[in-house]
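J.: The whole structure should be built from the sequences, with the hints applied where relevant.
Protein sequence lines correspond, in order, to chains A and B. When the count follows my numbering, it moves up by one through the first sequence with no breaks and lands on 270 for the last residue. When the count follows my numbering, it moves up by one through the second sequence with no breaks and lands on 290 for the last residue.
Treat the hints loosely; a few may be bogus.
Stated by the list, open to error - Pair by pair, the computed Cβ-Cβ distance ranges are:
{"id": "1", "chain 1": "A", "residue 1": "Thr-93", "chain 2": "B", "residue 2": "Ser-281", "range": "45 to 53 Å"}
{"id": "2", "chain 1": "A", "residue 1": "Arg-220", "chain 2": "B", "residue 2": "Pro-78", "range": "50 to 58 Å"}
{"id": "3", "chain 1": "A", "residue 1": "Glu-254", "chain 2": "B", "residue 2": "Arg-206", "range": "22 to 30 Å"}
{"id": "4", "chain 1": "A", "residue 1": "Leu-144", "chain 2": "B", "residue 2": "Ala-252", "range": "30 to 38 Å"}
{"id": "5", "chain 1": "A", "residue 1": "Leu-144", "chain 2": "B", "residue 2": "Gly-142", "range": "44 to 52 Å"}
The hints are simulated quantities; they were obtained by calculation from the structure and are not laboratory data. Glycine is no exception: its CB is placed at the ideal position from the N, C-alpha and C atoms.
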Amino acid sequence: MSELCMREVERLITEFDRSPRPKEFYDLGAIAEVLALCASLASAQPLRARVSVAALAWLRAGLFEDALFAKVEHLYHTTLLCYLASGVPAYRTADAAHAGQLLTSGLVGRSELPVLTMQIVATYVGACGIDFDLDALGSRDLRLVVDKRVLRARSDEYDILTLMMVAQLASLSDRFSHSLPQIFPQALLVQAIRSGHLNWIPILTLLCTTVYGIPPWLRRGATDAMRRSLEQATELLPAPEPGSWENDYVTRAEHGLRVRSSIASFALLA
Amino acid sequence: MSATDIVNAPSVVRCTPQQAAKTYAYLEQFVDFDRNPRATLSVVFARSCLATHPDFGLDLQATAREASEVARRTLAHPDHARLDLDPLLLVTMFGAFIDAGCDLPPLRDLASQAARELAPLDAKTRSLGRVRLIASVLAAQGFEVAVASRPGEVSASVAEPSSLLNASSAVLGDVADHLLADGRVLDPDLTTMLALTALGELRNYRIDLGAKLLRLVVSHGVPRVEAEEGLNFVALQRRRNGAYGFLNPFAAEEERQDLDNGFFIPMTLNAAWLLRVEAASRVRARAATG
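T.: Here it is as structure tokens:
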């Protein structure tokens, strides 16, 4: 079995070296999961050493920075492989410095949704009279956390969800309303108007108007864009067009997203 | 956002002299006029931005030689229009060397030629943003070039930033050229609108327009945290080999052809240009406040 596993690992490494693809990346990441836990098992050391050496080469080639930049989902497996690479004697801290800078600068590898989910749950539960103290989680500076999303390339439905959750927190409790993001919601709204994203324009306008703030020139531009889209509309506003990785999210609530956006549009224009 | 907010915002190290040296070295491998004149101009331009940056301490003479060679080869070409070299890069590079105290005769000859070629253009062409910008750069360097006045429709659109939100990339780029040519300080609303638009363009990797808007805002806008984040965005695109830009490593093979010329060099050019514009703006602000 160990030979079979070694052959399979060797094949995956060769495939990945020849042409990096997600399939092999996730396969290798899954293998790294167990290898990371096998430090004290002598039988696994050859495999662990082989994957670790390959991981160090990928790290030094800059592949992990590209992977981190491409998708936040790559972070877990990338981190595992980096960790294995760090066990190779030739590894130096400088090998991971660049990837580390991307992480510490907040450019990659951040997901605000878990903490926002907990905050919003705690706040709603608190409104029901139940004390659910999140201590430090509740004191995070939402403005900084969310506004820094503007440093990431691309945008998707999870950006909207983030802004929606922060807006709900702010409207539920004064604790969250004194320091709110501003750059990110406004930048997304400008992007939405310029790219003709009919589903997002009303939602972002609503969020900026009611919670995050909106300068008069941007409100005028957003209102014009909404008027134009409503003049053409004979049914609900269209659903967002998801990218590949958010497909499930959008499909799950497609009709709801259309209704949501249409409500925001007519509510703002009324 | 106030200037205080900008000062208090967490800082990103935009580019150390060591990082600039790495980018400078990365670009050098593509200096080959025979193989690709247009790309060579881009690379030499980017290297000149770094070499004339006041904080980096790079070897100005090496790039001066490269720039002179580009100018000499262009002047010697029987039909230099066919080389398809960007005149804005040529005249801007000439200005950068002059500002650094380095007057390069072949580059001056090329700039003079560009100035002469502007004269016979018809009024409509001379009032295009890009032509006005080239003329204004030449005029600032002492060439006798008349800069056409800004068209009325451009003035009307910049007076109402919301009207620019739906402008096409081409129109917005033209407006930016006009504003760069004018050199006046932008009002706060227009600054914010352009900075937010720049962020959106950069986030979608439409780098040329995003970087142009950012250069405009950094050089002529009022201080805005949105512009600072735009600069941070570009700074964080720096790769370990000195090039700028990140890409999906799992993209199809056909999307990964000639990445240096098709992706990294344009991105690196814009990053280097921005770094220099930001430094020049900082120097001007310091001089203005004594």
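J.: Report the numbers of all earlier hints that the structure fails to satisfy, in ascending order.
T.: 1
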